[in-house]
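Peer 1: Each chain, written out:
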Amino acid sequence: MHELKFDPEICKSCTSCDCIMKCQYIDLESDQAKSEHAKLVAGEDSSILHDCVTCYACEEYCPFGNHPFYLIVERQEQRGVHPAPKPLEESQVIMMGPKGRIKPKELSPPVMNMCFFTVMNGGIRGSLFEGVSKFGGSDVFCNLMFLHFARNSTIRQRLPLMIENIMKNFLEPAGAKELICYHDECYGTYTSWAPAFGIDVPFKPVHLFDFIYNRLVELKENIKPLGIKVAYQRPCSNRLCPQTDHFVDDIFSLIGAERPKREFEYENALCCGGVPEAQQRFELTEEIQHKNVEDMKASGAAYCVFNCPFCFWTLSEPVLKAGLIPIMMSDLCLMALGE
Amino acid sequence: MDKITERLAEIVGKDYVSTSAEERFIYSRDQGVQQPHMPDYVVLPDNARQVQEIIHLANNDSIPVVPMGGGLVLSGLTIPLAGGIVLDMKRMNRILEVNESSHYAVVEAGTSQGMLDAYLKKHHPRLKHSLPDAPPAATIAGNIAIHGSGHLSQSEGGFHSEMVTGLEVVLGSGEMVKLGSCSTVPGWFSRAPLPDLAGLFLGWNGTTGVITKVGIKLFPRPRFHDVLIYMTEDIDIAPDILFRIIETEVAEDINYALSPKPDYLNGFQMIVINLVANTEIELNMKKKIIRDALYDYYKTKESGFMPLPPAMKGDFLEAPQKALSKFADVKKGGGFEYVGAIMPVEKIPDACREGVRITDRYGITYSLGARIIGRGHSAMFFFAYPFNRADTQDIEKVSHALEDTNAAALKLGGIPWKTEVSGQKLILEQMEPQTSSLMMKIKSLLDPNGIMNPGNWEVK
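Top line first, the protein sequences correspond to chains A and B.
Following the working numbering, the numbering of the first sequence begins with 1 at its first residue and continues without gaps.
Following the working numbering, the numbering of the second sequence begins with 1 at its first residue and continues without gaps.
These are calculated hints, taken from the structure and not from any lab test.
Every value quoted in this text rests on a predicted model; they were computed, and no experiment measured them.
Each hint should be verified, as a subset may be incorrect.
[What the hints assert, rightly or not] Calculated lysine-lysine pairs in the DSS-like style (CA-CA distance at most 27 Å, straight line):
#1 B:K288 - A:K86
#2 B:K326 - B:K313
#3 B:K332 - A:K99
#4 B:K287 - A:K86
#5 B:K331 - A:K103
#6 B:K261 - A:K99
#7 B:K331 - A:K86
#8 B:K313 - A:K86
#9 B:K313 - A:K321
#10 B:K326 - A:K99
#11 A:K224 - A:K297
Isolated chain B, as found in the complex (with noise of 0.2 Å):
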């Protein structure tokens, strides 16, 4: 054991320190088509406080430190690319504090979705958070961190970096702070009024420090839920029909999607409206204002809703959807990579028409689709390419569209969201240089040695 792992053993005791071949071969990768790198040490720490110490010993040390949470990011932003420490979160999954009555929670950062979804409709049934379409392993603190989205997205107030109300944080520089309202009071209930530094850690890829704790907002859980799904061939009326929509402020959740698979949904378009109420009367209601609102359209039988039987709502029902989760495995080999692309609503009839230039370039499929965020003051649009990680040729075709996607986001006017370092370095090009120097001497303030997860957000 050298002194570095020594060193590590003794902060968070040896059985969650390791340096095996295997361990570190399962740290060194992610689901996408990024190229993996061999970590030096994973690292999983119980508390803060050995966070700050593993912080600290970098420092001394000049070693590299990676957070991680679910690791499911896709792009390789957990893919140590210097080597040195992942420090994967997961044992730091508790959850503090639940306060009904200012609906926020507060959770250590490897907490997971499931865990904390799970311990609301246990122990807090009234309230829910907003849940990303992920496996339910992804971390809170990760999915915030990558301004990551769900299916309370679109009404209660945008990405969930915007429910954040409070940030746990240990500095690239080793000092521990905190965030929001937990600062000067007991409370986790807000980042205003005070000047908002949250913003530091959120969209930096683990640049500037590890998180440790998380206030995040939480809802009502309405008794009520149903789903309608309105289907067009017609990619330009796609905007105004969400607009539509969006315009009735009754919608939960609202996608959009449009994949060559299954056969009898290829070219078709499907929006899918998720209604929640707290009585019958209420659901009633907000479906009749929805169809209302789209009457125009559907009476020229150009386009119209889709009966759907309850029997057969299902999945659309659930949160998170699997729709996307499903789709990831039909090339089977377990290969799956998107890019997410943050981008004007009314853009998406040209990112639809791109994507599928795209893949018919590279021969290979597609689930195209969009979230609309924070009552369409933006919208997630994903290109997915699932692929086969047995098959390189496949591996290379899905990279290479990787790409071309990024490249085509920016132009469209959209920006790559969690994008690996290719698509990081696409950005900071075209970022008025004001903005990255500003990004590049905050990055140094906070992380003097430039030990946190290097080689992302990098200008060179």
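This is chain A alone, in the form it adopts within the complex (with noise of 0.2 Å):
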């Protein structure tokens, strides 16, 4: 059931490997790069397997949109590789897990949905959130960060019940048709996961910066410009869902923050260190944080934007401790309207 729309002989046919050339953290001469990638595709074993940071990153590098990363999930999967400890794995599926404990809610539109960050929920405030409703929890989970644990078959298994219980629990009756995603995972899920396994979504994804980009248009008048450069943390889920990164620049444009140039930003960014912390490569880690914060700093940003919650709580003590001041976009758009 739900299998992974992949086609084989686009990658047969495909000169550039961009999907591993453009990888920041596998570094591959083009034939090696080819060669392994061809065992991937057949099943084999591959050093890809084991090297993969799980950035989400070749989602995006693929020029055909072949999903190389959905791919790269499924061998590990299908071979036993473990990117993180076992226990580490096992006890995320249980903590993760649905629990049916969905408390019914009046809800009208616009309906949030906050993922597994209900403790986020303070955040949610103010007038750019006004008349928003939102839920969230175990049972409206996404689930797709066990793309970093080599267990798509764990969103598979799950995915489905998620979006059955969003609809008949909050969509439904709320009467909504539209779903803005409090976590871009969600978005990344519904936009870009469902479709790759055949999963209907019947509601139409909303991206939050979308939502909150359309909201400051409206409250406009109130912004009083920031006049400050700011490094944006571009977390894995958005490369799932690239089309939606203009939004940063637009919302920047509204609240007079600048997006300064940068070596690690856009289809370079950096992760933020959590995956490859869980995959015990902490050598890895320091370098991608000292990396990424120092080239922030080189870039005059005076704070760092967040979009993923936990990139946030992962990324903020280094950001302190480079002199800039951590925040989620959210936040940043309640500055420039005073709040």
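Quick one: dock chain against chain with the hints and give me the complex.
Peer 2: Here it is as structure tokens:
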């Protein structure tokens, strides 16, 4: 059920092998990259399965949309490759699993799914989110994080139930057709992973930054331009929806923030380091974080803005130590609104 | 007011002696499952001289005396099994001296862990003492008297009783003595090189005398602090993992935990490693040393370090650790009991299995764990069982589990710690007769009328 829509013929005819050649963590010559990738496609053991940091970026690099990252995860799972320690993986499977504890709640559009981050409920406030109804928790959780644990099977198994829970318990009773995704991992799930695995999504997912941008347009008169340089920590899940990245620039132009030129930005963005740490690659984690934060500092940024709460928790301390202020995008916008 | 009450009131002041049923009720029990027993008098002395006068009075009238600190021992050691006086030491809570150069503090016996910690943070921020994972109301003297341990027990010399630099004690016979360097010179800096008599009051459950002052070691308080958590499903590799961490000599505190709650940790063992340093470079180096020490394990992905973003480290960075206190109320109803057993580190896997077997037998929940003591010379293994005090069946089940656990700890090669009277009897039965005989001789010498906490450490 729900097989990955992957076409091996596309890879055979691909000459650039961008999925591997552009990878910032796997360092292979062109011939090696093609050869290792061919093994991957054939279902054989490949160094890629072991070296992948699961940053999702190859989903963006592949010019054909042939889902190289989802394939890596499939093959890791098929071959029993565990990117992270097994006890950690198993406990996460239990922790993030559906609990069947949905509490009925009266909602009205616009409706937002907080994903597993209900702890961030306090950030959904002020004029920016006025009138927004929200829900969240493990019974409506996209489960896409299991891509980091070589467990497409967990997502396959849980996602249909999550979608059903969202529809029956929240969207249908609220008469809502759209769902604002607080975490772009959810947005990536509904716009990339689900279609790649043939799972229907019966609602229209809306990216949080899309919502924020449109709300800021409505509130334009209240905005006091910030006049600050802000580095953006692009999360792994945004690789599944690169078409939304322009919202960062659009929002910045509205709130008077400058996205300074950086080496590790856009397609070259670096991971926050949380996942390599879970993979027990401690030196790599330090190296990535150091390069990333130094790059932010060199750009002259005073703030580092986050999209993903997990990135925020992981990178806040190094960012602060470098003299930058870590902040979630919603809080940055509230700042511009004087709230 | 009877004559004894009048005399006690003359000694401590009428506000500090009580025979009221309400107060005696409170002092008749603790949070554990031991049967309550009413004292006849509750007395709160203000100084050592008053303690001495109370002991003289008790000797004259053959009244039992039970010294009490925070009253948080859980195993009934401050329940007055033969009635008499509960001597609540909490008024004697003065911090008398802190020596920054020789790293010790002298405190009165009622000084709580929280008071000393707060005092040091405010007045001597470069120093700290070893904090047990007990509520802050636990006293310094009570904790050293039961051979307690805390967050510096792994790295800084073992049990808190080993951190004692001197004592002032009123013997059961009523004499007041000083032990350690303070007996000979003004400073309370050391028990050596004199004959070490402090041991006559450590681990005796108040049966030899009343501790009135304590000299306790202090240690540097480094600026940087971090925590690593290692996770495994394999009970049998725990001793080797612990050994490898201990061997690095960089961990301040090492704790091991196994609990069925929360669900996502059921079956997973967590080894919590606390690190301190004076600089960030030193801290990072220590983390690397610990990680390198476990490389052979984590490279297999069968076990590994939990990623712990700074914001999620929270309670793990605190001393005392809150996890067990939070767990204590998991059943609601305010009951909590545990068997601590001092045992060799290699016995941890067997102790875990036994703990799970016992709780399965009685259908109760548990938290099992251990703190490494003195760089691996032993471990304080705890079998913790929360219960609902309003549920008599629950209390009964936990009581049976406690008895089984005491027996199991001894069978495993450990010794129940600060154990209740039934556990003390099990220990004495297994003890070399010459040793228990010596204990009784010492008790008779120091407490000739047998007034001190009767029922405890008794050979029948």
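Peer 1: If you draw a straight line from the CA of B:K332 to the CA of A:K99, is it 27 Å or shorter?
Peer 2: Given pair B:K332, A:K99 holds - Cα atoms ~22 Å apart, limit 27 Å.
Peer 1: Are A:K224 and A:K297 close enough, with their CA atoms no more than 27 Å apart?
Peer 2: Holds, at about 25 Å.
Peer 1: Is it true that the CA of B:K287 sits at most 27 Å from the CA of A:K86?
Peer 2: holds (22 Å)
Peer 1: Holds or violated: are the alpha carbons of B:K261 and A:K99 at most 27 Å from each other?
Peer 2: Cα-Cα ~15 Å, so holds.
Peer 1: Are B:K326 and A:K99 close enough, with their CA atoms no more than 27 Å apart?
Peer 2: The given pair, whose Cα atoms are some 23 Å apart, holds under the 27 Å limit.
Peer 1: Checking one constraint from the list: CA of B:K313 to CA of A:K321, max 27 Å. Satisfied?
Peer 2: holds (17 Å)
Peer 1: Check whether the Cα positions of B:K326 and B:K313 lie no farther apart than 27 Å.
Peer 2: holds (16 Å)
Peer 1: Has the given pair, B:K313 with A:K86, been kept, meaning a C-alpha gap of at most 27 Å?
Peer 2: holds (21 Å)
Peer 1: Can you confirm whether the C-alpha distance between B:K331 and A:K86 stays at or below 27 Å?
Peer 2: violated (30 Å)
Peer 1: With a cut-off of 27 Å on the C-alpha distance, tell me whether B:K288 and A:K86 pass.
Peer 2: Satisfied, since the Cα-Cα distance of roughly 22 Å is no more than 27 Å.
Peer 1: Check whether the Cα positions of B:K331 and A:K103 lie no farther apart than 27 Å.
Peer 2: OK: B:K331 and A:K103 at ~24 Å, within 27 Å.
Consistency with the previously given hints fails for number 7 only.
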